[in-house]
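Based on these hints, arrange chains B and C with the ligands on the given structure of chain A.
In order, the protein sequences belong to chains A, B and C.
My numbering numbers the first residue of the first sequence as 88 and each following residue consecutively.
My numbering numbers the first residue of the second sequence as 645 and each following residue consecutively.
My numbering numbers the first residue of the third sequence as 49 and each following residue consecutively.
Please note: incorrect hints may appear among the correct ones.
[Claimed, not checked] Pulled a few chain A residues facing chain B out of the computed Cβ check, cut under 7 Å: (1) Ala-102; (2) Lys-103; (3) Met-114; (4) Tyr-124; (5) Tyr-153; (6) Leu-172; (7) Leu-176; (8) Met-209; (9) Cys-222; (10) His-227; (11) Leu-230; (12) Lys-248.
[Stated by the list, open to error] Derived CB-CB ranges, DEER-like: (13) Thr-1089(B) - His-206(C): 36 to 42 Å; (14) Asn-245(A) - Glu-902(B): 54 to 60 Å; (15) Lys-918(B) - Thr-112(C): 49 to 55 Å.
The hints are simulated quantities; they were obtained by calculation from the structure and are not laboratory data.
In this text, a Cβ means the ideal position worked out from N, Cα and C, and glycines have one as well.
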Amino acid sequence: MLKEKYADRIQAILAKYPPDRKRSAVMSLLYIAQEEYGWVNQQGIDEVAEICDLDPTQVNSIAGFYTMYSEKPKGKYWLHVCVDLACALSGADEFYENLKAYLEADVDGNSKDGLFTIEHAMCLGACDRAPMMQCNFHFHENLDLEKAKALIEQWRANEAKK
Amino acid sequence: MNIIYREVDIPNIRELDVYVKNGGYQALKKALSMPRADVINEVKASNLRGRGGAGFPAGVKWSFIPQDNPINYLTVNADESETGTFKDRQIMENNPHQLIEGALICAYAIKAAAVYIYIRGEYWDVAAGLEKAIADAEAAGYFGRKNTTPVPADPKGNKPKYLGLNQDGMSAIIESEYFACRVFVHLGAGAYICGEESALLESLEGKMGQPRVRPPFPANKGGGLYSEPTVVNNVETLANVPFIIANGAAEYKKMGTEQSTGTKVFCLSGHVNKPGNYELEFGKYTLRDLIYTYGGGIRGGRQIKGILPSGGSGPVIRVNGNDDPILDTPLTYEDMAKTGSILGSASIIIMDETVDMAWVASKVIHFFHHESCGKCTPCREGTYWLTKVTDRILAGEAKDSDIDLIHNVANNMKGVTLCALGEFAANPILFTIKHYPEDFKQHTTAAGKLPAPAAGD
Amino acid sequence: MATVTIYVDDKPIAVPAGMNLVQALKEYADTDVPVFCYHPKMKPVGMCRMCLVELGTPMRDRATGEAIMENGQPKIGWNPKLQTACTQTVSDGLRIRAQGTVVEDGRRSIVEFLLTSHPLDCPICDKGGECPLQNLTMAHGPGTTRMVFEDKLHLDKHVPLGDLIFLDEERCIQCARCVRFQDEVVGDPVLGFHERGRHLQITTISDPPFDTYFSGNTTDICPVGALTTADFRFGARPWELTNVPSICPHCPVGCNISASTRLDREAGGKTVIKRIMPRQNEQVNEIWICDKGRFGHHFTRDDQRLMQPMIRRAGGAQSLSNWGEVLTAAAQAIKGAEGSVAAIAGSSISNEDGYVLRQLVLAAGGSMLGRWKPTHAGEDIVAQVGVGAGTNLGTMGKGDAILVIASDLEEEAPLWYLRVKQAHDRGATLIVANGRHTNLDHHSTATVRYPYGSTEAVFTDENVRKMLTDAANVVIIAGAEGLQLDASRSLMQRAAKFLSETGHVGKPNNGLMATFPGANAMGLGYLGFTAEATMEIAANPPKVLIVVGADILYDDPTAAEWLDKVETVISLSLFPDELTTRSAVAMPIQSFAERDGSFTNGERRVQRFYTAHSPIGESLPAWTALSRVLERVTEARAKLSAAAVMLEMTTTIPAFADCRYPELAKVVKQSPDVGGTDLYYGGTAYKNTGGLGVQIASAVESGAALETGAPVDASASAITVESGQLLVVPVTVLYNREWTFRQSESELMGGHVPAPYAEINEADAEALGVAAGDEIEVTTGGVTVRVTARVGLRAPQGVVLLPRNLAQAATPLIMGAGVVARAREAVSAV
Ligand SMILES: Cc1cc2nc3c(=O)[nH]c(=O)nc-3n(C[C@H](O)[C@H](O)[C@H](O)COP(=O)(O)O)c2cc1C
Ligand code: SF4
Ligand code: FES
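Bound conformation, chain A alone (with noise of 0.2 Å):
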């Protein structure tokens, strides 16, 4: 249960925002269960209901509308390649594509061995610096396929020994 095991967390999170409007912590709340469940599930969706007062289905909208939230399961290692007009000027599209063979993902994105997820993304605030990409919403920049490479086989290393 969330309400038990992030209690602090969902507390401080809660205390953001007036008494009567617990609604607000629903995005907030959204992370921390699609961090427990690795996706936003229905059971991290009814737990955030409760919390915030809300009906699943309300809860389920504000899943649905932002792409942040995952509501499949997917890879630990989710990679976001912006392949926007900045980006692409710079060479985004194929760096995306290339990425992607190199991942042996499906059409889903899903890596062969089912460690990453890989999707292409609107801008993100990374122009100067393309092509980028975001592994579980932290940047890494200036890349080309080469030094993209490396960052997956050291996290596919780091897996290996855990």
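Same frame as chain A, now just chains B and C with the ligands:
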């Protein structure tokens, strides 16, 4: 001169002690000793214009907030999602206290109960840094729970109301003679539309980020956060405020032109050698200076073909090579408007001669299709339709008349959408076709590949 | 009412200040602004952009605030862009251009945009023929499409949102009317959008899914064929339907409905009801009905109906008979009773039925007129201090107060629940007082708990008194949950006294209403039928008892005993219930759908219903059968029409003096105007052609002094609960197994009628060793019923909530002490 990106001159100004050593939080202290109206008037006098794109004077916006309303809010727009925009990120990463200080000055002036910084979800790491800065400053007692700076008594004897914590650590609205205002970071979760101020407020309230009908406007009762009067300002706008309060409006106005005062951050990206953020005084420099002096010129020594001066949403400026006099346009709101485009948020994307403008149009319309919130019909359906036809054009399957079709469809979206996103979405089609018809025609044929729609279908 | 002047295409028009512009143009300027998302019953959202107009306002000098003049006229600042009319309220001097090329171009592109992804499957769409999108496309849309067929989005066309409502995702135009209805109007946000942009779709992931008492209304307000009901889906085309004005027979609200009928092959070419739709009556149900009213109509054509008269011949066996024989037999029995004749009227028989029944009993020298179920007392008190003429819960709001006491309003009178909830949303103080939690608590300003059995404390509570006395208008809605009959009367007296002392009687939006059972308890009350009389009949059974439309034996386990003492039971019934079998004479009567008549609702509004389909079997209207008996008893000529019965009532029963049928059928223009041919607000059946009814004046309004009789001391009937016992409180649930709903079992609503259950508190459950889902036996009032245990927070400690009419066998009619024992462990956890 850098008044925003002070880290250029003062390394590590992101740290609280460095910031304080260099005059940090003195402007807030000064403001707290002034009547609220004077603070607003000073900002008004500076003619500081909103840096979020619309350029609305900040002081005027603040003055809309009813001072006798017990609870008002300030929300800082740090959603920064326009293609080619990355200026606010640098402020928050490298000079966060200046934003916090500016926000607090505004919060004081408009009697805000709390400040919410709405930051795009993808700036996860930036948000963490910002939260640390807020915690540092609050712990040092500049504002919030530990603040001991009394605020001038209200003529009516009302104590200001703040969003604080009760003994149990639960949120509560408290009354205080001290500046007890707190600053919170609210992380978005991936939606460009949440940069639109009313969608931002919806999102902050825990709803889908869909714009609201106006009036009431955010500054009106019923229109703001939790229905209370609310100021929404861009990060860069507020980062200007400490300078104005510390040095006075007159000093600030020495920079820039009559209509464009102070400095502006220009986000330069695309086919230049040195993309990046450049803070320049308004009016002193031209597009050419920006691209060649600061941006190091066009990559590979190629010719420049076009500029998107306000990310994907503003009209494209056609440039006929590196000698085009249009490049001598000074960087101000008023001069950029004369080119038929806008300065907007100054996210300047440079495209060289190798670029196919039909491809650009397609990229940008896909962006808006992906980001349309879906609330209103013309934007929801129009962006979808436009992606379908532009895709076909790029695939070489479209008819000549499809160019007119998308031009007309985009035109039909103009002026009838609920928020400006729908207008923005029409621009890339309308202006690329207007300025570069040949780029489209090279893809189309008289007959196309698809049958005409059946009559009456 | 303050008015302002607006200029529509330069013509000045006076409209009420603050009115929505679309509504003002429609109702005052005869100008239809096309809309999709706007609905006058919900907040405007400006989403669809169909209502574009050109708008101008008089310009004002910024500094002085003075109007700027130009050539002696105020200078008009025209908005450079088209504006959505639906999000504007009228203001003085507002200019509107609602026609012309600019406006028409704007609208044409909106329709074109909407149609780009619309499937255009009108030929097979249930909405075809009454579809706002279809209509507005014809009026404003382009003649041809420029969207290539291959580009259309293809989506799921049969998505169940619950088992009553289906969604066709392709047809949905994302107007959010359904989402907003559930959220704003009902307060149960189980519908939501999912995704964004062109992927935006209606979904629910709630548990249960879209299954509220009001779900059907969304299909009416859906402006396209995206939402359809499982009942009507693919059932008929709107243009084949005849809409017959009717009144819902299920509860005291008296919702105005339309029975959409047609000749049906499946019914052997007979007329059948294909669907029930709400009919606009702003004072009663606005444009809403509950799902019981909408989907619970199938009983009228059920093949289990009593088809033929029955008689018990010498030797005891009951056999089929004919009308002549049963009428004569009934008359003979009555004549032979020497005045020991009494009647019990079911609460949903019509005014006319009740009147003739009364005449019959009186003619035979009897006097006891009982009303069934005898659970609530005090129709006479409502007749005195009932809500004032012109009361409209839909206009109550800030400054007003409503007290709901001893009632689970959502279950007993769903539309009152909805309207009271909305009054609270508009700012009215809502106090909910009951022995337990009910859903209305979630929408209340304050809740009051009292121990079951006594409601006195509520009226002496300082807070309650203050909240009520501070209010401009006060309405009290009283139920009788957990009250014996005398306590129910005592509550009604107290409420009347309070209202009258505080001056909240005899004017609109003030006074008393009660959740009497059935659709016509008030009308029967005016005719002298009471619950107390029923109790007396039970105590002193007469020789001959006439029972009309009451399933006594299913409702009351003790009835068998006293019925045995009645020599001759004459029953008139819709179904062959247990009473029919016990009767000497049983007559099949017609349901509300097969005949005309009138009901008097809880607000004392007498409303007409009309014949919707042909009779089932040999059934007659109850009043016809009864007049023919009367004819044989007194030789008075039988009346030939319900209208004639009412005509006589207008002269003999003062309350009905103004209720001649033509009066009941009168309709005045209502606001909002939703029933027009424009269809903007959905639903072809909203239009009220059957009449708005006539509200009987309360006695206080007519100048009479308040006379509620000596205060009843209810303490006599107080129940002692011994240790080891619990208090068993019968409660009402909307979906139950009464004959008029039970018939749906095999059909649509079957799954919605809960399995028999009783609800106890967690602490009691633990003490008894009972877990949720266990089978338990509740023994009280001499009977034992086997039900499934629900364990929850609604039941207070020491109380068992036992729904009426859910179990197979009769459950006690009134509260009593009882014991609970676990019979069998839950098969699977609930
Ligand atoms: C679709 C859309 C996206 C926007 N995105 C942003 C944004 O990311 N950041 C921002 O500051 N303003 C954005 N704006 C402008 C805001 O609505 C608003 O005008 C601004 O935050 C006001 O702040 P300012 O007056 O300080 O500029 C956007 C507007 C629209 C219509
Ligand atoms: S213009 Fe687009 S983003 Fe703005 S409200 Fe309409 S659908 Fe939403
Ligand atoms: S926008 Fe006005 S009716 Fe939809």
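Met-209(A) as chain B interface residue, shortest Cβ-Cβ below 7 Å: holds (5 Å)
Is the hint on Leu-230(A) kept, meaning its closest Cβ partner in chain B is under 7 Å away? Hint on Leu-230(A): violated, closest Cβ of chain B at ~15 Å, above 7 Å.
Would you settle whether the hint for Lys-103(A) is holds or violated, based on the nearest Cβ-Cβ distance to chain B being less than 7 Å? holds (4 Å)
Have a go at the Ala-102(A) hint: is there a Cβ in chain B nearer than 7 Å to its own Cβ? holds (5 Å)
When the least beta-carbon distance from Cys-222(A) to chain B is tested against 7 Å, hint result: With a minimum Cβ separation of about 11 Å from chain B (threshold 7 Å), the hint on Cys-222(A) is violated.
Hint check: 7 Å Cβ-Cβ cutoff, Leu-172(A) to chain B: holds (5 Å)
Hint validity - Tyr-153(A) Cβ closer than 7 Å to any chain B Cβ: Holds, because the Cβ-Cβ distance from Tyr-153(A) to chain B comes to roughly 4 Å (cut-off 7 Å).
The hint names Tyr-124(A) as touching chain B; please verify it with the least Cβ-Cβ distance against 7 Å. violated (16 Å)
Determine whether the Cβ-Cβ distance between Asn-245(A) and Glu-902(B) falls within the hinted range of 54 to 60 Å. The hinted range 54 to 60 Å holds for Asn-245(A) and Glu-902(B), with Cβ atoms some 57 Å apart.
Against chain B, is His-227(A) within 7 Å by beta-carbon distance? Since chain B brings no Cβ nearer than about 11 Å to His-227(A), farther than 7 Å, the hint is violated.
How about Leu-176(A): closest beta carbon in chain B under 7 Å, or not? With a closest approach of 5 Å, the Leu-176(A) hint holds.
Evaluate the given range 49 to 55 Å for the C-beta pair formed by Lys-918(B) and Thr-112(C). holds (54 Å)
Figure legend: structure checked against the earlier numbered hints; hints not met, in rising order: 4, 9, 10, 11 and 12.
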